[in-house]
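K.L.:
Sequence:
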Amino acid sequence: MKKIWTAFCAFLKRKDIVFSGKRYGVDALSAMAQGLFCSLLIGTILNTLGTQFHIGFLTATVATINGVDYTVGGLASAMVGPAMAVAIGYALHAPAMVLFSLVPVGFATNALGGAGGPLAVLVVTIVAAEFGKAVSKETKVDILVTPIVTILAGVGMAYLVAEPIGVAANAVGAFIKWATELRPFLMGIIVSVVVGVALTLPISSAAICAAFGLTGLAGGAAVAGCCAQMVGFAVMSFKENRWGGLVSQGLGTSMLQMGNIVKNPRIWIPAIVTSAITGPISTCVFKLEMNGAAVNSGMGTCGLCGPIGVWTGWVSPSETAIADGAAAIIPTAMDWIGLAMICIVLPAVICWALGLVCRKLGWIKEGDLKLN
Numbered sequence: 001m002k003k004i005w006t007a008f009c010a011f012l013k014r015k016d017i018v019f020s021g022k023r024y025g026v027d028a029l030s031a032m033a034q035g036l037f038c039s040l041l042i043g044t045i046l047n048t049l050g051t052q053f054h055i056g057f058l059t060a061t062v063a064t065i066n067g068v069d070y071t072v073g074g075l076a077s078a079m080v081g082p083a084m085a086v087a088i089g090y091a092l093h094a095p096a097m098v099l100f101s102l103v104p105v106g107f108a109t110n111a112l113g114g115a116g117g118p119l120a121v122l123v124v125t126i127v128a129a130e131f132g133k134a135v136s137k138e139t140k141v142d143i144l145v146t147p148i149v150t151i152l153a154g155v156g157m158a159y160l161v162a163e164p165i166g167v168a169a170n171a172v173g174a175f176i177k178w179a180t181e182l183r184p185f186l187m188g189i190i191v192s193v194v195v196g197v198a199l200t201l202p203i204s205s206a207a208i209c210a211a212f213g214l215t216g217l218a219g220g221a222a223v224a225g226c227c228a229q230m231v232g233f234a235v236m237s238f239k240e241n242r243w244g245g246l247v248s249q250g251l252g253t254s255m256l257q258m259g260n261i262v263k264n265p266r267i268w269i270p271a272i273v274t275s276a277i278t279g280p281i282s283t284c285v286f287k288l289e290m291n292g293a294a295v296n297s298g299m300g301t302c303g304l305c306g307p308i309g310v311w312t313g314w315v316s317p318s319e320t321a322i323a324d325g326a327a328a329i330i331p332t333a334m335d336w337i338g339l340a341m342i343c344i345v346l347p348a349v350i351c352w353a354l355g356l357v358c359r360k361l362g363w364i365k366e367g368d369l370k371l372n
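Letter 329 of the sequence shown, counting from 1, is numbered 329 in our numbering, and no numbers are missing.
No lab work stands behind these hints, which were simulated from the structure alone. The structure presented is a predicted model; accordingly, all values stated were derived computationally and were not measured. Do not rely on the hints blindly, as some may be mistaken.
[As the list claims (entries may be wrong)] Pair ranges (Cβ atoms, derived):
1. Val-141 - Met-1: 40 to 46 Å
2. Ala-60 - Phe-8: 52 to 58 Å
3. Lys-239 - Thr-139: 48 to 54 Å
4. Val-315 - Asn-66: 31 to 37 Å
5. Ser-316 - Gly-56: 17 to 23 Å
6. Leu-182 - Asn-264: 28 to 34 Å
7. Ala-174 - Trp-363: 56 to 62 Å
8. Lys-140 - Pro-164: 35 to 41 Å
9. Arg-266 - Asp-142: 41 to 47 Å
10. Phe-19 - Thr-51: 41 to 47 Å
Glycine included, every Cβ here is placed at the ideal spot set by N, Cα and C.
Using the sequences provided together with the hints, build the complete structure.
P.N.:
Right, dumping it as C-alpha cells:
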C-alpha cells in the first residue's frame, strides 16, 4: 500500500498536479479574474465607448450568429467562459493540448451556470485541467486522448455542478430582492453590501441584478455597493499597483483582488464597510435611483456602466423601471452631485481612509494588495 501511495505521489509530482489552497484559491482565481477582464469587461467597455461617443466601428454589427447581432465588444463579452477557462488552465500549468481543450469546457460551463457562471467555470475548469494533465502525453494517441478526456471531464462536471451553482447565485439574488422591501436605510445597507460583495466574488452581480429587475432606489444602492468595491480597491491599492491598477480595478473589476482576498480576507474590510456607508447615503440622502437597464445596477464603474445607467434612467427610463413607476426627469444639480459622490468621491475617500486604519493596525501589510 505504501508503494502504491509513493508511486501515486510521484505521478502527481511528475504531472505538476498540486492539491493546494494557494494553487486553486489564489493562482487559479487570480488568473480567472484576468480572463474575465480581457473578455466580458473589455467588451463592456468597448460597447460603452462606442455607444456614448458614437464610434461607428464599435457600434457596428460585425457578426450575426443564430439571429443575434454582435459588435466587437459583444463578441469579446460572449467569449467570457472560454477566456476564464484558458486563464485558469494557464495558472495550473496545463500543457498546450489541455489548455486548448478548455475552450469548449469554459463555454459550456458558463452557459449552464447562469448567474453563477464564473464560479462554476472556476470549479469545473480545475477538475478538467487536472484530468487532462494526468493523461497528457501518456499514450501514443495523445492528440485524441488528451482533448477527449479534458472535454468529457469538464462538460460532465459542468452538467453536474454548474446549474446548482447558478441556483445558489440566484438565491443571493432572491435575498437582495427581499432586502428591497425593507425601509430605505436598512435596504441601502443590505443591498449595497451584498451586491458589492457579489461583484467582487466570482459570480455575476450584473446577471443577478438583471434577473431580478433591480432598479429604482434599490438599483441605486446596488450601484453604490459596486462602486465602493471597485473605486475603493483601486484607490486603496494605488500604492502597490499605481495607475495600471487604478484603471484595471476602477474601470474593470475588483474581482482582480480575489486572489489577495483569499490570502488575507481582512483587505476586504475597507471596501465592505465603505459600501455599508455609501448604500444608505444613496437611498436616504441623495435618493439616487438607477432606472436604466437593470444590468447596470450590478456593473459599478466597469466602463462607467453604473453611472451611465443612472443618467440613462433620468432621461429615458427602462421598461422595467417604468413598470415600477419611474418617469423621465430633468436632473438637478443635487442629482449630479449625488451621482458623483456615490460613484466616485465617497468610495475613494472612505475606503482610502479605512485602508490607512487597517494598515496601521497591521491588518493590511505591504504587498497584500499587489496585483500580479
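K.L.:
State for each hint whether it applies.
P.N.:
Verification of the hints:
1. Range check, Val-141 to Met-1: Cβ separation about 32 Å, and the 40 to 46 Å hint is violated.
2. In this structure the hint that Ala-60 and Phe-8 lie 52 to 58 Å apart at CB holds, the actual value being about 55 Å.
3. Lys-239 and Thr-139 have their C-beta atoms about 51 Å apart, which keeps the hinted 48 to 54 Å range intact.
4. Checked against the given bound of 31 to 37 Å, the beta carbons of Val-315 and Asn-66, roughly 33 Å apart, stay inside it.
5. The hint said 17 to 23 Å for the Cβ distance between Ser-316 and Gly-56, and at roughly 22 Å that hint holds.
6. A hinted range of 28 to 34 Å for the beta carbons of Leu-182 and Asn-264 is consistent with their spacing of about 32 Å.
7. The hinted range of 56 to 62 Å is not satisfied by Ala-174 and Trp-363, whose Cβ atoms lie roughly 33 Å apart.
8. Between Lys-140 and Pro-164 the CB atoms are about 38 Å apart, so this pair conforms to the stated range of 35 to 41 Å.
9. A C-beta distance of roughly 45 Å is found between Arg-266 and Asp-142, which places it inside the suggested range of 41 to 47 Å.
10. The supplied range of 41 to 47 Å is met by Phe-19 and Thr-51, whose beta-carbon atoms lie about 45 Å from each other.
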